[in-house]
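Colleague: Residue numbers (the working numbering), protein chains in the order written: chain X, 1 to 283; chain D, 1 to 393.
Be careful, since some hints might not be right.
With the C-beta cut set under 10 Å, the calculated list includes, among others, these residues of chain X facing chain D [claimed, not checked]:
{"id": "1", "residue": "PRO170"}
{"id": "2", "residue": "LEU173"}
{"id": "3", "residue": "ASP180"}
{"id": "4", "residue": "ALA182"}
Read the hints as simulated data drawn from the structure, not as lab findings. Where is the CB? At the ideal position from N, CA and C, for every residue including glycine.
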Amino acid sequence: MVSGARTLTGSLLQRSFWGFGSVVAVAYALLPMIWILSLSFKDKRSLTDNRFIPSSISLENYRAIADDPQFSAAIINSLGIGLISTLLAVVLAMFAAYAIVRLDFPGKRLVLLGALSIAMFPPIAIIGPLFNLWRISGLFDTWLGLIIPYMTFTLPLAIWTLSAFFRELPWELDKAARVDGATPFQTFRYVIAPLAIPGVFTSAILVFIFSWNDFLFATALTSTDDARTVPAALAFFTGSSRFEQPTGSIAAASVVVSLPIALMVLLFQRRIIAGLTSGAVKG
Amino acid sequence: MAEIVLDKVSKRFADGTLALQETSLTIDDGEFFVLVGPSGCGKSTLLNLIVGLEEISAGQIRVDGQVIDHIDPKDRNMAMVFQSYAIYPHMTVRDNLAFPLKMAKLPKQEIAQRVHRAAQMLGLVEYLARKPASLSGGQRQRVAMGRAIVRDPKAFLMDEPLSNLDAKLRGQMRSEIARLQKRLGTTTVYVTHDQTEAMTLGDRVAVLRDGKIHQIGTPRELYSEPRNLFVAGFIGSPSMNFLPARYVGGRIILPIAEIRCQAEAHARLTANGIRQLIAGIRPEHIQDPGNTATDLNAGVSFHAAVDAVEWIGSDLYAYFTVRSDSEVWQAMPYDMGSVAMEGGTMRCVARLDPASDVAEGSLYTLWLNIRNIHLFDARTGENLIAPRMLAPQ
Ligand SMILES: Nc1ncnc2c1ncn2[C@@H]1O[C@H](COP(=O)(O)OP(=O)(O)OP(=O)(O)O)[C@@H](O)[C@H]1O
Ligand SMILES: [Mg+2]
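Please take these sequences and the hints and turn them into a complete structure.
Modeller: The structure is reproduced here in structure tokens:
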């Protein structure tokens with residue numbers, strides 16, 4: 001009885017503590033986002049009125065960025081570069097992770113450690129040399145010039161998440177399929193691939209988010225609309241006329257580029273978390 | 001349906017582990033053949049060699065006279081049931097059952113028919129549209145069986161198919177498997193580490209340890225004529241009791257009794273100058289003299305300090321300890337497998353009539369049936385004397 005009452009108060013205290021903590025954490029994380037959302041709906045005059053909730057909703061800023069050729073070019077660059085690097089990184093990581101999990105080869109640990117150290121490597125350290133190298137080799141301000149670093153820096157993450165995932169696949173299924181009369185290709189096609197899809201999907205999302213959000217490489221290695229991605233383009237935004245602060249347009253553009261990522265994460269959060277933690281706990 | 005012949009087959013893994021020593025055996029057409037042995041003895045390896053998931057290192061495997069060493073598992077037309085069931089989690093039960101048939105490119109209609117027939121046989125019809133995740137352990141096991149029987153394979157290979165089930169379900173599935181196998185008449189190789197399963201299912205049983213087959217025989221043969229200590233200790237539940245024994249001047253001296261040897265036994269025991277022996281006594285051959293139908297002249301009585309009694313309705317197990325300082329103990333424990341012993345004492349168990357009034361903590365007179373004692377060479381573990389070569393004092 002006594003212990004029952006104690007656990008009840010304990011859980012009440014605990015619950016309110018965690019509840020309060022969550023509210024603080026969420027508010028801390030979301031306030032800037034909400035502020036930007038609010039800014040994006042304000043018109044020119046009320047931009048600086050310091051009100052949290054806009055007095056009137058205006059779509060002016062959104063219209064402005066929709067008409068801006070810079071912005072649409074940047075979106076196309078971001079999408080193209082992001083998708084291509086994701087595809088390359090995930091396909092390469094799939095082969096690597098498969099080999100790491102299924103095969104015993106010398107240097108297996110070395111590959112994993114190498115991948116880890118690349119992930120730890122501060123990108124800023126190579127920006128200078130890369131800048132020079134890209135200018136000499138003609139990769140500067142091209143899609144390929146961004147795809148290469150994105151792919152390189154996301155590969156370790158993809159390899160680690162995918163090998164954690166592959167490790168969990170019941171490989172006895174592979175034997176069962178062979179005994180059931182399936183060729184190696186049929187085994188892959190009907191048994192392994194369908195089971196591996198969620199893991200591949202998870203790492204693809206993570207890789208895509210990385211390249212979509214990257215600012216460092218995008219500013220340093222591009223100079224025109226040829227390859228400038230959205231985060232970089234936002235920094236060079238001029239707004240609808242050269243004499244005004246483009247705050248509103250930047251806010252609107254920020255909302256537009258954050259939206260797909262936010263949606264993606266919300267839609268697939270289960271999968272992403274499962275993918276990130278798989279291998280951590282058995283079961 | 002097929003006869004499977006292993007001809008001097010052995011398996012050594014890349015890391016040097018000799019998982020299977022040179023083995024020759026024939027599994028007859030339609031036979032239910034059981035491989036039994038403790039963990040790590042090479043049962044799964046032997047099965048994987050037959051189905052082709054592992055390559056043999058030496059020797060030859062023939063199925064119906066045809067050498068299959070270099071045939072890919074997918075072309076061997078054998079069905080395997082795995083310990084983990086290995087059913088495809090992303091497919092419905094129907095698709096699981098249909099998978100081998102689809103791979104064999106059977107016409108759609110025939111696939112549907114066969115899947116239905118197998119599902120009916122195993123009571124799975126109402127679950128056909130379900131995914132494995134929503135099935136119970138027993139139902140998953142059935143799906144695994146179903147996937148094996150749909151395609152009329154040459155042989156069923158089963159690797160501990162029941163070890164993930166609870167005791168009751170295991171018993172139920174065991175009889176179901178036996179019934180199914182009799183009905184289909186398909187050659188079956190069944191792996192288990194459970195001697196009860198082996199004894200109840202097998203037409204013949206092979207006892208393995210450390211990659212070596214110690215004995216092949218019918219369950220009865222293994223039980224009544226174990227070839228060595230290991231087989232004797234492994235087969236039977238509760239295990240055979242072991243006691244150190246010496247052979248001196250035509251008599252066998254046990255810690256609990258002395259036994260006179262008949263001429264034939266004498267010849268065998270003296271042939272190799274064997275001195276140290278281990279006597280093996282099945283629990284049912286120690287009885288309550290007040291409660292037995294057997295002729296008491298065929299045995300000897302002794303006093304036992306009974307320290308535990310288990311009454312299970314049909315039987316009564318009386319446990320007692322026998323003390324001995326014989327040096328024989330040192331070599332024994334490994335060979336005797338599960339038999340419990342510590343220091344110089346040996347735990348023994350007698351299986352008595354449930355009507356017996358033996359009580360815990362009492363000094364009770366028990367009776368040992370001499371005719372059923374096995375005598376093993378303490379050095380090699382070999383069974384020297386089959387029962388009935390001994391006479392009471
Ligand atoms: N791929 C492998 N490489 C090296 N050694 C192996 C390999 N597979 C199995 N072994 C070894 O071969 C021996 C027999 O293994 P096996 O899996 O056949 O045992 P088992 O009788 O099936 O045991 P269990 O009852 O635990 O399943 C073991 O000592 C094991 O460590
Ligand atoms: Mg095994």
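Colleague: Where does the structure disagree with the numbered hints, that is, which hint numbers, in rising order?
Modeller: none
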